[in-house]
Amino acid sequence: MNITRRDFNKLLVSGIAGSTLGMFGGTRSAFAAQKRVVVIGGGFGGASAAKYLKKLDPSLSVTLVEPKAAYITCPFSNWVLAGLKTMGEITQTYAVLAARHGVEVIAETAVSIDAAKLTVTLSSGKVLEYDRLVVSPGIDFRWDTIPGYSQKVAETKMPHAYQAGPQTELLTAQLRAMKNGETVLICPPAMPFRCPPGPYERASLIACYLKEQKPKSKIVILDPKDKFSKQALFRKGWERLYPGMIEWRGAAAGGKVQGVDAEAMTVTTELDVVKGAVINIIPPQKAGKIAVDAGLIDTSGWCPINPVSFESTLHPGIHVIGDACVAGPMPKSGFAASSQGKVTAAAIVRLLRGQVPAPPSLVNTCYSLIGPAYGVSVAGVYKLSPEGIVEIPGSGGLTPIDASDDQLNQEAMFARGWYNNIVNDIWG
Amino acid sequence: MALKYQIFLVAGIVSSVALHASVGAVAAPKRSPRPVKVVEPDPRGQNLALSCAGCHNTDGKSVGIIPAIYGKTAEYIESAMKDFRSGNRPSTVMGRHAKGYSDEEIHLIARYFGELQGNNK
Numbered sequence: 001m002n003i004t005r006r007d008f009n010k011l012l013v014s015g016i017a018g019s020t021l022g023m024f025g026g027t028r029s030a031f032a033a034q035k036r037v038v039v040i041g042g043g044f045g046g047a048s049a050a051k052y053l054k055k056l057d058p059s060l061s062v063t064l065v066e067p068k069a070a071y072i073t074c075p076f077s078n079w080v081l082a083g084l085k086t087m088g089e090i091t092q093t094y095a096v097l098a099a100r101h102g103v104e105v106i107a108e109t110a111v112s113i114d115a116a117k118l119t120v121t122l123s124s125g126k127v128l129e130y131d132r133l134v135v136s137p138g139i140d141f142r143w144d145t146i147p148g149y150s151q152k153v154a155e156t157k158m159p160h161a162y163q164a165g166p167q168t169e170l171l172t173a174q175l176r177a178m179k180n181g182e183t184v185l186i187c188p189p190a191m192p193f194r195c196p197p198g199p200y201e202r203a204s205l206i207a208c209y210l211k212e213q214k215p216k217s218k219i220v221i222l223d224p225k226d227k228f229s230k231q232a233l234f235r236k237g238w239e240r241l242y243p244g245m246i247e248w249r250g251a252a253a254g255g256k257v258q259g260v261d262a263e264a265m266t267v268t269t270e271l272d273v274v275k276g277a278v279i280n281i282i283p284p285q286k287a288g289k290i291a292v293d294a295g296l297i298d299t300s301g302w303c304p305i306n307p308v309s310f311e312s313t314l315h316p317g318i319h320v321i322g323d324a325c326v327a328g329p330m331p332k333s334g335f336a337a338s339s340q341g342k343v344t345a346a347a348i349v350r351l352l353r354g355q356v357p358a359p360p361s362l363v364n365t366c367y368s369l370i371g372p373a374y375g376v377s378v379a380g381v382y383k384l385s386p387e388g389i390v391e392i393p394g395s396g397g398l399t400p401i402d403a404s405d406d407q408l409n410q411e412a413m414f415a416r417g418w419y420n421n422i423v424n425d426i427w428g
Numbered sequence: 001m002a003l004k005y006q007i008f009l010v011a012g013i014v015s016s017v018a019l020h021a022s023v024g025a026v027a028a029p030k031r032s033p034r035p036v037k038v039v040e041p042d043p044r045g046q047n048l049a050l051s052c053a054g055c056h057n058t059d060g061k062s063v064g065i066i067p068a069i070y071g072k073t074a075e076y077i078e079s080a081m082k083d084f085r086s087g088n089r090p091s092t093v094m095g096r097h098a099k100g101y102s103d104e105e106i107h108l109i110a111r112y113f114g115e116l117q118g119n120n121k
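Protein sequence lines correspond, in order, to chains C and F. Heads up: the first sequence at position 174 corresponds to 174 in our numbering, and the numbers run straight through without jumps. Heads up: the second sequence at position 89 corresponds to 89 in our numbering, and the numbers run straight through without jumps.
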């Protein structure tokens with residue numbers, strides 16, 4: 001498990017050599033009075049990186065580029081579906097980052113990156129120069145992978161609700177409007193995708209709402225997978241809280257979606273055509289647009305990175321964090337993105353001072369609510385190995401399957417406590 | 001040959017960046033003065049300890065039901081983490097996290113939070 005100095009050097013060199021040697025070529029950045037870091041994307045990863053860059057080195061100039069004035073978090077957006085949270089309660093802003101932490105926030109879209117000139121061009125035409133760039137663009141959808149599905153269908157008939165905001169509101173409104181006895185279809189994608197337990201927490205909290213309001217209704221999950229995150233915990237919770245309400249059809253039961261018909265409100269699987277009053281299609285995903293446009297993705301559609309600094313292995317000087325990057329076995333979660341943002345901030349501070357970054361230590365905790373007083377979690381601690389980022393054997397893991405009701409209630413309370421703290425840690 | 005090349009690369013990177021950093025330092029604006037002596041954190045301990053903020057808030061200053069780390073002594077944090085790890089102290093998720101850290105890493109985390117309070121006094 002222990003990594004030798006030689007291994008560490010190898011990992012360090014694999015991504016960093018290009019950029020730093022490039023700097024040796026005498027770019028303007030090396031001699032600028034104040035080092036400039038630009039961060040693209042104000043979600044869990046980017047906002048964490050921006051805040052911690054200023055916290056760890058207040059002398060840096062840190063610019064956060066984020067077109068939205070407010071960020072609605074995907075974590076806890078399932079709670080909104082059940083009426084357990086309001087949209088306002090999951091909305092974060094950049095006011096404190098700007099006023100208290102000295103981050104310059106620019107409400108524009110980054111339209112292009114010039115990795116050779118070290119510049120970012122914004123939607124207004126304005127050009128930002130950087131010494132180091134952090135790209136945290138989240139996900140984009142592969143619209144063309146499901147026949148009959150499109151962005152327009154998502155925005156009108158079959159919401160994905162996998163970027164929180166209007167999509168969350170549309171799905172909530174559809175659930176409120178459906179009749180007692182009608183069916184909700186949830187169609188998750190294959191791995192890898194954002195928030196692996198998300199579709200199953202969603203099924204749980206929609207069931208929580210239906211049980212009270214529309215008790216004859218059912219939820220069918222049409223899944224291309226043979227297994228899913230926290231599966232045993234979810235299935236036990238469903239049996240206990242919502243017996244008979246949630247049916248999960250995996251790959252073996254023909255759960256893979258072959259196409260949709262937005263007019264007929266049906267989903268075609270390998271075996272049949274299933275009708276839903278509410279149809280939640282969560283399409284396959286790839287790294288966010290700017291990462292694709294800037295050539296930061298490989299053939300997988302995601303961004304390969306150096307595990308020490310999260311610097312792109314394709315474009316030196318650009319660090320990619322969050323859902324868009326491939327960080328070994330770390331899940332694509334807001335928590336993981338934030339952890340990566342901090343490790344990257346610390347690495348950038350040291351690189352800009354001419355120091356070698358410290359070995360990374362990464363962490364993830366994903367809480368899922370099955371009922372208002374029924375919480376479960378998965379935890380992971382990650383470190384560097386000669387193979388890259390790995391989970392520490394014997395650490396992390398799931399809520400015990402035989403957890404007592406007291407423990408499950410405590411986890412539900414800690415889920416709320418976690419949300420309050422992480423949004424404070426990032427945007428507060 | 002390959003190893004030698006890597007060492008050369010690393011040495012080259014460090015010295016070239018160091019050169020730039022020292023040039024930058026001359027021209028860098030003065031930081032705002034602080035009334036107390038700042039202890040520069042151990043970079044390894046810092047990376048380890050920044051993990052905690054994801055649940056316990058920045059610098060461990062929890063705002064809700066999750067216990068705060070800030071304000072606790074290094075000795076307390078070290079023994080609490082070891083007790084979570086061994087299971088002597090029951091927990092929901094802390095035992096699963098604590099198992100990811102060696103004695104030395106727990107010591108570094110505890111020292112980081114201990115020094116943090118020293119900085120802010």
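It should be emphasised that the hints constitute simulated quantities derived from the structure, not laboratory data. Yeah, the Cβ is synthetic: ideal placement off N, Cα and C, and Gly gets one too. Be a bit skeptical, because a hint or two may be false.
Unchecked claim - Label pairs and their calculated CB-CB ranges: (1) F:Pro-67 with C:Ala-173: 32 to 40 Å; (2) F:Pro-67 with C:Thr-91: 21 to 29 Å; (3) C:Gly-88 with F:Lys-61: 51 to 59 Å; (4) F:Asp-42 with C:Val-111: 20 to 28 Å; (5) F:Gln-117 with C:Ser-112: 43 to 51 Å; (6) C:Lys-68 with F:Gly-71: 33 to 41 Å; (7) F:Gly-71 with C:Gly-88: 54 to 62 Å; (8) C:Gly-244 with F:Ala-68: 20 to 28 Å; (9) F:Pro-67 with C:Gly-394: 17 to 25 Å.
Stated by the list, open to error - Away from chain F, derived, C-beta distances all over 10 Å, residues of chain C: (10) Thr-86; (11) Gly-165; (12) Ala-346; (13) Pro-359; (14) Glu-411; (15) Arg-416; (16) Ile-422; (17) Asp-425.
Against the structure, the hints come out as follows:
1. F:Pro-67 with C:Ala-173: 32 to 40 Å: holds, 39 Å
2. F:Pro-67 with C:Thr-91: 21 to 29 Å: holds, 27 Å
3. C:Gly-88 with F:Lys-61: 51 to 59 Å: With Cβ atoms ~24 Å apart, the hint is violated.
4. F:Asp-42 with C:Val-111: 20 to 28 Å: Given range 20 to 28 Å: violated, Cβ gap about 41 Å.
5. F:Gln-117 with C:Ser-112: 43 to 51 Å: Cβ of Gln-117 (chain F) to Cβ of Ser-112 (chain C): about 45 Å, so the range 43 to 51 Å holds.
6. C:Lys-68 with F:Gly-71: 33 to 41 Å: Holds - the Cβ-Cβ distance for Lys-68 (chain C) and Gly-71 (chain F), about 35 Å, lies within 33 to 41 Å.
7. F:Gly-71 with C:Gly-88: 54 to 62 Å: Taking Cβ atoms as reference, Gly-71 (chain F) and Gly-88 (chain C) lie about 31 Å apart, which means the hint is violated.
8. C:Gly-244 with F:Ala-68: 20 to 28 Å: violated, 43 Å
9. F:Pro-67 with C:Gly-394: 17 to 25 Å: holds, 24 Å
10. Thr-86: Answer for Thr-86 (chain C): holds, closest chain F Cβ roughly 18 Å.
11. Gly-165: holds, 23 Å
12. Ala-346: violated, 6 Å
13. Pro-359: violated, 6 Å
14. Glu-411: violated, 5 Å
15. Arg-416: At roughly 7 Å from the nearest Cβ of chain F, Arg-416 (chain C) sits no farther out than 10 Å, so the non-interface label is violated.
16. Ile-422: violated, 6 Å
17. Asp-425: Incorrect as stated: the minimum Cβ-Cβ distance to chain F is 5 Å, not above 10 Å.
Checked against the numbered hints given earlier, this structure breaks hints 3, 4, 7, 8, 12, 13, 14, 15, 16 and 17; the rest are met.
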